[in-house]
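These are the residues of each chain, in order.
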Amino acid sequence: MAELLQFISSGLTVGAIYALVALGFTLIYKSSDIINFAQGEFVMLGGMTTVFVALAGVPLPLAALIAIIVTTAIGFALHRLAIEPARGASPVALIMITIGASIFLRGVAQIVFDRRFHSLPPLFGADPIQFGGAAILPQSLVVLASATAIVTLLWLFIDRTLLGKAVLATAANRLAARLIGIDTRRIVDFSFAVSAAIGAIAGILITPIALTSYDVGTLLALKGFAAAMLGGIGSALGAVIGGLLIGMIEAFAAGYFSSNYKDAVAFLIILVVLVSIPQGLFGRAKVERV
Amino acid sequence: MPAIVVAVIVITLPLFFPSAYYYRIGVLVFIFALAVVGLNLLMGFAGQVSLGHAGFLGIGAYSVAIGPIHFGAPSWLCLFAGAILSGAVAFLVGRPILRLKGHYLAVATLGLGLLVAIVLTNEAGWTGGPDGMSVSRLVLFGWNVRGADAWYWIAGTTFVGGFVLALNLMDSSTGRALQAIHDSEIGALVLGIDVARKKLTIFIISAMYASVAGSYLALFNGYITPDAAGFLRSIELVAMVVLGGMGSVVGSLVGAMVLVVLPQVLTIFHEYEQALLGLIVMVFMIFLRRGIVPSIVAAFAGRRK
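Here the protein sequences line up with chains A and B, keeping their order.
Using this note's numbering, the first residue of the first sequence is number 1, and each one after it goes up by one.
Using this note's numbering, the first residue of the second sequence is number 1001, and each one after it goes up by one.
Worth flagging that the hints you see were computed from the coordinates, not collected in a lab.
Keep in mind the model is a prediction, meaning the values are calculated, not measured.
Every residue, glycine too, gets a C-beta built ideally from N, C-alpha and C.
Please note that the accuracy of each hint is not assured.
Said to hold, decoys possible - Computed footprint of chain B on chain A; a stretch qualifies when at least three of its residues, placed anywhere within it, have a C-beta under 8 angstroms from a C-beta of chain B:
(1) 104-118
(2) 212-225
(3) 261-274
(4) 277-285
Isolated chain A, as found in the complex (with noise of 0.2 angstroms):
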């Protein structure tokens, strides 16, 4: 029982992070139909922002902040001066642009950072709290609750502004979009700068957790992508369930059956899923007309 509860909430508290990685990449899949592979960047560069601006003397909050706006600034040029003079390019050459710009962040990184592994004390120290015999460290429940709060806050913004409700008619067809006035333009601007925010937050929270360095990008937007894909792109509750999912997959393997096969039976379980339910776990299957 210890053990249950001890894997459920390190499980949960990677794929929180999983989940706010996945969404990111549902927000602009869902504006632009562009897969974006430098989300994974964004969590880098909140966590190493955050680092190196709090080593400079910056108080830990203020550097947080900084953060966020520098990684969000940074999705807002990826789309204006990458994303947006390829327009009309196809998919294939979109996600490429994507992948360059992700080396190209992470090269960046590692002039600007450098190539260790850092670390950020969490915020309500790293004393574990004892649960049913589980302990439990409290930067987790921080995670959670974390994730559950922007998972709402976007949910209440998309469901009750004006804005939100513009990103959902973009989402729905782009052409209708532009043909009421929606700036659509403006609106992938948007998706690019808020997936970049929350990229940073999942980025800064999860650090104290399991260190940063200049190449955790990588695996992140894999696991994100994977997430997505295995919730049904498209769906944000798919995102955010697909990445629970994966991270709790994980923590079971890791802990019943070997820490070394953990990433192997996610994908497995991943492969199966999509060969018995080709299009995710809630997303809607596409009608091809011809």
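Starting from the structure of chain A, add chain B where the hints point.
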């Protein structure tokens, strides 16, 4: 016609090589170009993405590494065995996952590639684990193959062979069926094309191309690590296809050339290497979005009008 041009390039290129180092680069270009031609058949012609092709590269590479050391089998036999094994894996996995489309297929193939990489990393008793293992040299009819120039001719000849095979394949009924599938899967189905079977065929063929390239890479370097099967390698192969031009067999050679030579040139920029590589990939894709070769061809065709 393009085959003759490529063959002439392979033969005359060494005349301009000032040192053995250039032979080495040439070998790597041809090895990767071979894998890229195979992947291009799948991506460019059949329109099916694979983000896990390095997995097959890894199977080929470790076949020639494990076979001679653990079983005492000759390297060339292991190369064929590796290709057959890759084809068998592609056959077994291909039917279910090729039903998936677009990004779903991308994530499924990505998972497949990762599974291979994870097994290679963790079965240290067989593969030496993350540190990799050394590979015994290729012996052909008592001839101990060593030196970059010998490998240049082996890799060059194999590449030209693979190149001609790909061109012929595209001209066959299978090739036309694949292009029909690329344009519209339902359309192809209505025309009576066995879509699932054609996709599976080309997946197997492209897996075997990658496997042979992987075997060559291992034999040439004399050393192999699980990175050969890793996600970044898969991305690199896809980047070569897209950069050179999807659906252009000549583009495969150009794409491989650019992404093999470029990092070598960029090493003079030391720590700026990665940033510059990313930047160049981005700039190429923004300005030559259909890939280098198709974009140049289109530019010339436009001028002639």
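Tested hints:
Residues of the segment 104-118 of chain A with a Cβ under 8 angstroms from some Cβ of chain B number 7, which satisfies the need for three, so the listed coverage holds. Here's how the segment 212-225 of chain A fares: 3 of its residues keep a CB closer than 8 angstroms to some CB of chain B, so the rule of at least three is met and the hint holds. Restraint check on the segment 261-274 of chain A versus chain B: 8 residues with Cβ-Cβ distances below 8 angstroms, three needed, restraint holds. Counting residues of the segment 277-285 of chain A whose CB lies closer than 8 angstroms to any CB of chain B gives 3, so the stated coverage by that chain holds, three being the minimum.
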